[in-house]
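Model the full assembly from the supplied sequences, consistent with the hints where possible.
Chains as they are written, first to last, in my numbering: chain A, 1 to 319; chain B, 320 to 564; chain C, 565 to 847.
One thing to keep in mind: the hints can contain errors.
To be verified - With a straight-line cut-off of 25 Å between C-alpha atoms, the simulated DSS-like cross-links for lysine-lysine are:
no.	chain 1	residue 1	chain 2	residue 2
1	B	K387	A	K163
2	B	K406	A	K108
3	B	K387	C	K839
Stated by the list, open to error - One side of the interface only, derived from the structure: several residues of chain C facing chain B at Cβ under 7 Å:
no.	residue
4	F580
5	L581
6	L583
7	I601
8	L723
9	P774
10	T778
11	T807
12	H817
13	M829
14	Y831
15	L833
16	S836
To be verified - Each pair of labels, with its calculated beta carbon distance range:
no.	chain 1	residue 1	chain 2	residue 2	range
17	A	I281	C	A584	30 to 38 Å
18	B	S393	A	I167	51 to 59 Å
19	B	G436	A	R78	49 to 57 Å
20	A	V278	B	G439	55 to 63 Å
21	B	L426	A	R78	35 to 43 Å
22	B	G394	C	L589	28 to 36 Å
23	C	Q805	B	Y512	33 to 41 Å
24	A	Y141	B	E376	52 to 60 Å
25	B	G359	A	L85	21 to 29 Å
26	A	G196	B	L494	35 to 43 Å
27	C	F568	A	L282	50 to 58 Å
28	A	M106	B	L426	30 to 38 Å
No wet-lab data here; the hints were simulated from the structure. We treat Cβ as the ideally placed atom computed from N, Cα and C, and that holds for glycine.
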Amino acid sequence: MREEEISFRKEYFIGRGGGGELRRMLNRLMGGLLLVSFSSVPAWAKGWQRFPLVDIERINVFVLSVGFIFVLLYFLSRARKGGSLYLRRIAGLDAMEEAIGRATEMGKPIYFINGLDPPHSISTIAAINILGLVARRVAEYEAPLKVPNVDPMTYAVEKETVKEAYIHAGKADAYDPDSVYFIAGTQFAYAAAVSGSLLREKPATNILLGYFYAESLILAESGAATGAIQIAGTDAVTQLPFFVAACDYTLIGEELYAASAYLTRAPLLLGALKAQDVGKILSIATLLMATFFTFLAYAFLPTVQESFKEFFLNLLRTA
Amino acid sequence: MVTIAIPWFIVLGFAGFTVYALFKPPLRRWVAISIALAVGMYMFFQFFTTTETPAGEYFNEWFQRFNKWAIIISGLTVILAVGNLLKIHILKVKKLQPGWGYSFITLLALFTMSLFGILGIQFQKEGIPWYQWTFRWLWKTFNVALDSSMFALLAFFMASAAYRAFRARNMEASLMLATAIIVMLGRVPVGDYITSAFPTLTSWILMFPNLAAQRGIMMGVALGAIATSLKIILGIERPYLGGAK
Amino acid sequence: MQFFERLQFIDRRILFLFLAAALILPFFFPFQQKILITQEVKNFHRTIDSLPEGAVVAISFDYGPSAMPEINPMARAMIEQIFQKNLKLITYALWQDGEPFSIQIPEELAKQHQKIYGEHYVTLGFKPGRVAVILQMGEDIHTAFPMDSKGTRISDIPLMKNIRNYSDLNLLIDLAAGADPDLYVGYAVERYHIPFQAGVTAVMAANFYPYLQTRQMKGLLPGLKGASEYEFMVTQANSRQVTQMMASQSLVHLIMVLFILLGNMGYFLTKSYKKQTQQKGRG
Chain A
1 MREEEISFRK
11 EYFIGRGGGG
21 ELRRMLNRLM
31 GGLLLVSFSS
41 VPAWAKGWQR
51 FPLVDIERIN
61 VFVLSVGFIF
71 VLLYFLSRAR
81 KGGSLYLRRI
91 AGLDAMEEAI
101 GRATEMGKPI
111 YFINGLDPPH
121 SISTIAAINI
131 LGLVARRVAE
141 YEAPLKVPNV
151 DPMTYAVEKE
161 TVKEAYIHAG
171 KADAYDPDSV
181 YFIAGTQFAY
191 AAAVSGSLLR
201 EKPATNILLG
211 YFYAESLILA
221 ESGAATGAIQ
231 IAGTDAVTQL
241 PFFVAACDYT
251 LIGEELYAAS
261 AYLTRAPLLL
271 GALKAQDVGK
281 ILSIATLLMA
291 TFFTFLAYAF
301 LPTVQESFKE
311 FFLNLLRTA
Chain B
320 MVTIAIPWFI
330 VLGFAGFTVY
340 ALFKPPLRRW
350 VAISIALAVG
360 MYMFFQFFTT
370 TETPAGEYFN
380 EWFQRFNKWA
390 IIISGLTVIL
400 AVGNLLKIHI
410 LKVKKLQPGW
420 GYSFITLLAL
430 FTMSLFGILG
440 IQFQKEGIPW
450 YQWTFRWLWK
460 TFNVALDSSM
470 FALLAFFMAS
480 AAYRAFRARN
490 MEASLMLATA
500 IIVMLGRVPV
510 GDYITSAFPT
520 LTSWILMFPN
530 LAAQRGIMMG
540 VALGAIATSL
550 KIILGIERPY
560 LGGAK
Chain C
565 MQFFERLQFI
575 DRRILFLFLA
585 AALILPFFFP
595 FQQKILITQE
605 VKNFHRTIDS
615 LPEGAVVAIS
625 FDYGPSAMPE
635 INPMARAMIE
645 QIFQKNLKLI
655 TYALWQDGEP
665 FSIQIPEELA
675 KQHQKIYGEH
685 YVTLGFKPGR
695 VAVILQMGED
705 IHTAFPMDSK
715 GTRISDIPLM
725 KNIRNYSDLN
735 LLIDLAAGAD
745 PDLYVGYAVE
755 RYHIPFQAGV
765 TAVMAANFYP
775 YLQTRQMKGL
785 LPGLKGASEY
795 EFMVTQANSR
805 QVTQMMASQS
815 LVHLIMVLFI
825 LLGNMGYFLT
835 KSYKKQTQQK
845 GRG
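Structure, rendered in structure tokens:
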């Protein structure tokens with residue numbers, strides 16, 4: 001570090017202080033800590049760019065991601081060894097079985113409606129996972145299943161998924177190749193077609209999972225008007241209220257991702273859920289710490305408050 | 320050296336997996352999982368590499384290549400999808416199943432729009448052959464009108480859903496009801512005529528309670544997304560092979 | 565007492581009828597309402613207002629005809645303000661349905677303000693790929709959009725000659741019906757640090773308030789209400805169209821609140837009636 005930079009930092013972080021003795025002492029202590037701490041990462045790490053491949057600006061994200069992978073691997077190995085993992089009840093997923101049974105009794109179709117996003121979106125992936133499980137159960141009961149699609153790529157993947165599920169259930173003959181079908185590539189053409197067929201066919205059960213946009217309520221209200229049991233789930237925050245208002249059960253945010261673990265109780269998937277919880281606890285702890293220390297800095301250490309803010313922002317910044 | 324070796328390492332690793340898979344059925348499963356693992360790991364590390372050094376640039380070439388492949392594959396699936404659409408609706412028309420008229424209109428619209436789309440799109444009518452501006456004309460006359468009316472339906476559906484759902488059954492429902500009414504009135508000038516507190520309260524609700532809840536959900540979603548991605552990269556969850564294990 | 569019970573289950577077609585009346589009547593009898601300008605709209609206006617003459621603003625048109633009534637007034641007012649302030653304008657679209665708007669609206673307003681294509685404004689047209697385009701524009705706009713909407717190479721356009729990437733733009737605006745502002749915040753603001761703000765549909769608006777607080781968005785126009793406030797700030801009056809639509813919106817909100825209250829009244833009266841009869845039955 002260059003001489004003038006050190007002296008600048010000293011002045012900037014430690015400052016000249018003011019007010020009472022305690023405040024000055026605290027000021028000096030915290031400022032000194034900051035001087036040697038992370039807040040200066042981007043500055044001193046610039047030299048690291050000598051490494052030919054690594055983008056030093058993202059090293060914090062790398063450390064956090066790798067840390068999370070290790071947590072995940074730890075819980076996976078623990079899950080593999082056995083040992084029960086507690087899972088809270090999710091009403092919407094418990095109702096899935098009943099909803100499929102109801103359709104079988106009534107002899108009416110089950111509609112599985114996934115959102116608009118292509119299959120590389122996490123919500124669509126979660127939806128496809130659940131479709132696999134639903135299709136297997138549907139195959140066992142031999143209830144009719146309908147999966148209308150808006151994205152050609154999702155359509156291709158879901159066709160395979162449903163087919164595999166029927167084969168798995170030992171009901172390959174019962175598989176109808178037209179149960180997964182493509183409607184249109186645009187939002188409202190799709191919404192119009194699906195809500196039309198919901199009103200005409202009056203299905204027993206509608207399952208709406210994935211990432212939805214403005215079409216969510218058009219679909220959910222049409223379904224509600226026909227008296228079907230509706231289970232919805234999305235991580236699209238703006239569409240959640242619509243689903244809550246119009247559907248019987250709603251999976252909120254990450255409950256959608258947890259669904260496959262919940263429904264299969266496969267130990268590996270449960271392990272991943274636990275890892276997620278640890279991640280959540282860590283982020284909450286970081287937030288609380290950041291709030292607490294920033295509050296302290298703003299209350300007692302006016303000279304370092306900006307660098308405090310910088311420090312926490314740098315910690316979580318993705319350049 | 321190392322950096323040049325990495326993409327090759329991935330390719331060779333993938334090839335190795337494939338050879339391994341040939342000896343170990345079911346083959347398809349292994350090939351798919353190894354592709355997911357190799358490409359997933361590559362994409363993960365790619366995020367942390369720089370483009371400012373020659374080595375980094377070389378490494379990132381593969382990123383662009385993978386992106387292009389994804390675009391090409393997604394283009395090909397359109398053919399699959401349209402094929403399915405044609406099959407279903409042609410069958411319906413042929414067998415004169417109930418609702419075959421709608422199927423006929425779908426097919427007609429599909430062919431007309433595709434035909435004029437391929438012939439070329441132009442804005443003005445002057446000096447341009449009719450088949451070039453017809454696409455725009457069809458778009459403006461049919462697509463705009465139909466699309467807008469579908470979106471407009473939302474107003475009615477929102478009203479009926481709100482009327483049914485907003486009942487002060489318990490404490491939580493009452494809070495939701497009160498919030499809904501405040502925001503609904505605060506978002507239109509009428510609310511301000513009733514009392515100026517409505518717009519102020521609405522802003523406060525949007526900026527604080529709404530924001531806190533949203534951030535909470537967003538963070539949960541982000542962590543869930545990381546976990547799900549890792550599960551797919553590591554082959555624990557295989558949506559591309561027919562759902563979870 | 566059946567009447568109270570019926571209040572809870574009014575046929576939705578009756579509700580629809582009232583709504584339709586509330587929506588349509590103001591188009592024949594429009595009334596002007598007081599306009600209270602919210603902070604996010606003030607910030608939006610100020611961000612454009614504080615730009616120096618000759619600064620470059622890029623607008624991304626990411627909506628289709630369905631969001632046209634809400635977002636077109638925003639686009640008009642925005643371009644009006646940009647031309648009034650003698651700023652330079654670049655428009656493009658990440659949704660194929662947004663392309664016609666990204667070309668027609670600037671052209672119409674350019675005629676009124678005597679602006680010249682290629683010098684004061686440029687329309688780049690549509691480009692598929694969303695995230696890929698947003699990222700590529702940060703590296704090089706000339707490879708993201710090699711040609712403008714008319715098929716001219718953009719290196720031959722005087723306005724585009726000195727504009728290579730986001731660092732040469734002074735402000736980026738997204739007019740969106742979907743979640744595209746999320747993408748802009750993630751890939752353009754965080755990566756390339758460009759000032760950014762957005763105009764969005766009311767359905768999506770609540771999604772973007774977090775970015776206002778973190779200053780990742782300078783301002784926000786939420787739905788038709790945002791549009792009417794902003795139009796008022798730019799032109800000192802609302803166009804007839806926006807006045808009509810705002811009047812409709814006010815009436816519809818009122819009707820909805822009334823119906824919700826009716827439903828709740830029915831719910832409580834039925835409940836208390838049942839309680840009374842039960843007590844009587846016991847007594």
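Inset, instruction - May I ask which of the numbered hints given earlier this structure violates, with the numbers listed in increasing order? - result: Hints 1, 3, 5, 7, 8, 10, 11, 13, 15, 16, 17, 18, 21, 22, 23 contradicted; others consistent.
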